[in-house]
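Enquirer: If you read the protein sequences in the order shown, they are chains H, Y and G. Numbers 84 to 290, taken from this note's numbering, label the letters of the first sequence in order. Numbers 84 to 290, taken from this note's numbering, label the letters of the second sequence in order. Numbers 84 to 290, taken from this note's numbering, label the letters of the third sequence in order.
None of these hints come from the bench; they were simulated from the model. It should be emphasised that the depicted structure is a prediction, and the values quoted were computed from it without experimental measurement. The reader is advised that the hints may include incorrect statements.
To be verified - Label pairs and their in silico Cβ distance ranges: (1) Y:115 - H:112: 17 to 25 Å; (2) H:254 - G:254: 55 to 63 Å; (3) H:112 - G:281: 19 to 27 Å; (4) G:115 - Y:176: 21 to 29 Å.
Glycine is no exception: its CB is placed at the ideal position from the N, C-alpha and C atoms.
This is what each chain is made of:
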Amino acid sequence: MGNGPLLLLVLDLAGTFAFALNGALTAIRVAQIDIIGVLTLGVITALGGGIVRDVVIDALPPATFSDWRYLVVASAGALIAFALGQRLDRHATAITILDAAGLSLFAVTGASKALEFGLGPVQAVILGAVTAVGGGTVRDVMLQRVPVVLRSELYAIPALVAATITVVASKVDAYGAPVAVIAAVICFGIRMLGVRFGINAPRPVDR
Amino acid sequence: MGNGPLLLLVLDLAGTFAFALNGALTAIRVAQIDIIGVLTLGVITALGGGIVRDVVIDALPPATFSDWRYLVVASAGALIAFALGQRLDRHATAITILDAAGLSLFAVTGASKALEFGLGPVQAVILGAVTAVGGGTVRDVMLQRVPVVLRSELYAIPALVAATITVVASKVDAYGAPVAVIAAVICFGIRMLGVRFGINAPRPVDR
Amino acid sequence: MGNGPLLLLVLDLAGTFAFALNGALTAIRVAQIDIIGVLTLGVITALGGGIVRDVVIDALPPATFSDWRYLVVASAGALIAFALGQRLDRHATAITILDAAGLSLFAVTGASKALEFGLGPVQAVILGAVTAVGGGTVRDVMLQRVPVVLRSELYAIPALVAATITVVASKVDAYGAPVAVIAAVICFGIRMLGVRFGINAPRPVDR
Numbered sequence: 084m085g086n087g088p089l090l091l092l093v094l095d096l097a098g099t100f101a102f103a104l105n106g107a108l109t110a111i112r113v114a115q116i117d118i119i120g121v122l123t124l125g126v127i128t129a130l131g132g133g134i135v136r137d138v139v140i141d142a143l144p145p146a147t148f149s150d151w152r153y154l155v156v157a158s159a160g161a162l163i164a165f166a167l168g169q170r171l172d173r174h175a176t177a178i179t180i181l182d183a184a185g186l187s188l189f190a191v192t193g194a195s196k197a198l199e200f201g202l203g204p205v206q207a208v209i210l211g212a213v214t215a216v217g218g219g220t221v222r223d224v225m226l227q228r229v230p231v232v233l234r235s236e237l238y239a240i241p242a243l244v245a246a247t248i249t250v251v252a253s254k255v256d257a258y259g260a261p262v263a264v265i266a267a268v269i270c271f272g273i274r275m276l277g278v279r280f281g282i283n284a285p286r287p288v289d290r
Numbered sequence: 084m085g086n087g088p089l090l091l092l093v094l095d096l097a098g099t100f101a102f103a104l105n106g107a108l109t110a111i112r113v114a115q116i117d118i119i120g121v122l123t124l125g126v127i128t129a130l131g132g133g134i135v136r137d138v139v140i141d142a143l144p145p146a147t148f149s150d151w152r153y154l155v156v157a158s159a160g161a162l163i164a165f166a167l168g169q170r171l172d173r174h175a176t177a178i179t180i181l182d183a184a185g186l187s188l189f190a191v192t193g194a195s196k197a198l199e200f201g202l203g204p205v206q207a208v209i210l211g212a213v214t215a216v217g218g219g220t221v222r223d224v225m226l227q228r229v230p231v232v233l234r235s236e237l238y239a240i241p242a243l244v245a246a247t248i249t250v251v252a253s254k255v256d257a258y259g260a261p262v263a264v265i266a267a268v269i270c271f272g273i274r275m276l277g278v279r280f281g282i283n284a285p286r287p288v289d290r
Numbered sequence: 084m085g086n087g088p089l090l091l092l093v094l095d096l097a098g099t100f101a102f103a104l105n106g107a108l109t110a111i112r113v114a115q116i117d118i119i120g121v122l123t124l125g126v127i128t129a130l131g132g133g134i135v136r137d138v139v140i141d142a143l144p145p146a147t148f149s150d151w152r153y154l155v156v157a158s159a160g161a162l163i164a165f166a167l168g169q170r171l172d173r174h175a176t177a178i179t180i181l182d183a184a185g186l187s188l189f190a191v192t193g194a195s196k197a198l199e200f201g202l203g204p205v206q207a208v209i210l211g212a213v214t215a216v217g218g219g220t221v222r223d224v225m226l227q228r229v230p231v232v233l234r235s236e237l238y239a240i241p242a243l244v245a246a247t248i249t250v251v252a253s254k255v256d257a258y259g260a261p262v263a264v265i266a267a268v269i270c271f272g273i274r275m276l277g278v279r280f281g282i283n284a285p286r287p288v289d290r
């Protein structure tokens, strides 16, 4: 993969930063919490999905928790959100874009890691999506909100698409940095279309 | 045990289906969620208890997650609930019965598996109950409800009874398909009596 | 360490009792729950933090769950709270003191155990705090409250201080019962000052 791993690491850290920033901002808007709360929820949003995946695949202690770079980047994102707070609102579009980038990258790297640890293809797809949406889900539960992933716009679906591409490519021995990037870009595109046009997944009909 | 394991597998899958159906229906009634939410919450209700048990006893990756049959049956239950929605309300009794069956079977198989992995008898009883009620508890937390098991009718108690019978029988080397069925039937009976007569566990007196 | 381990065990069990009592009382005040709910939430408050820590460091099954002494002490605390209920309100100060003691002890023993299992120093500090505040956080999430640790008074900060002292002392080979007691006493002092004077951690400014 040549410089692939380095590229993926940089992208993964960028996604971590975006998730922490976005997670901390969500927390500040929704609840009366202090600096510890903002830091905790920012870091949980950024690292929670990967931790849940690593618990399930028995890759403990969790990689993003053991690797200080992830902790530093996630803490930095949360503290910047704490310091700047609502002044970041004018950058809402930039933050949504970063969040979509994080979603895309985590879905790909999450599915890929699950395969490495010997999980089946369907399980790897699910764990790719869990890596992408798990942190935000834990944050929402702690903030007493029905998790975003259960109710709004296209969020889990693009993650599932990216994870599926990753798994299929791996099964035909075509996985590598190029496929990873393509899968992430497709996820990113679907997510941004969902945000732009307010597309939602189907809902139960006869409520 | 002869055909015991096959019988238990069939019963376990029936319980999984019932939990997924019931979990998804509860989710549809309680919250504004989309198809991803219904599927997620149905599957979590069905598989969540076993996953928590397997994390605690270090049997990772969790069996019900690795075994595609459980994933397929749980997804099918959730999707049927999504498709039929409130039309299933007229079958409320059937669903309550299926749910009680799931509770009973999971309590027995959960306690049995904990013993296999070397946990002590008290721990195995607790993990039997966790297997039975854990999935519904995670669902309720995600839906912002105080978990059913903490507040209503006889739900945890029959599960604890079935798990205790299982553990005691194992300790005197009498465990097998017949005891498993007897334990499950007793749990089922207590649960249905609790539902029928609205029996609740004691509450704190001096509120 | 001579009698150090015995002293730490006694203190750890005292903290477990205090957490269970306090957790069960909180549950009784906040929600309409039955005896199973009180018992469950008391035990989760007491053992939840250590269980989360042991999952992350891969020390499974979790020590406080496997060791019957912790289960017995936690159950006793929860059942006493159930039996006495609001009559314990007049002992609120005593319970707050016991809770602060539990916080202090769990932060120290949690950080120490994380180091033993090979986690890095920053990770050990975080896990010390998670051990101390994790159980109460899970309880609050199950009761639909924004977790105390995210919003009020000095709770996580003294735990982080005690865990940091523990980790630094270990790194310079000075850790032992005396340092453990000193770290716990400092945590206890900061926590009680926070309670006494209603000190809170800083909040986001521009809400």
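Enquirer: The structure should be examined with respect to each hint, and the outcome stated for every one.
Expert: Cross-check of the supplied hints:
1. Y:115 - H:112: 17 to 25 Å: holds, 20 Å
2. H:254 - G:254: 55 to 63 Å: At 46 Å between Cβs, range violated.
3. H:112 - G:281: 19 to 27 Å: holds, 25 Å
4. G:115 - Y:176: 21 to 29 Å: Check passed, 26 Å falls within 21 to 29 Å.
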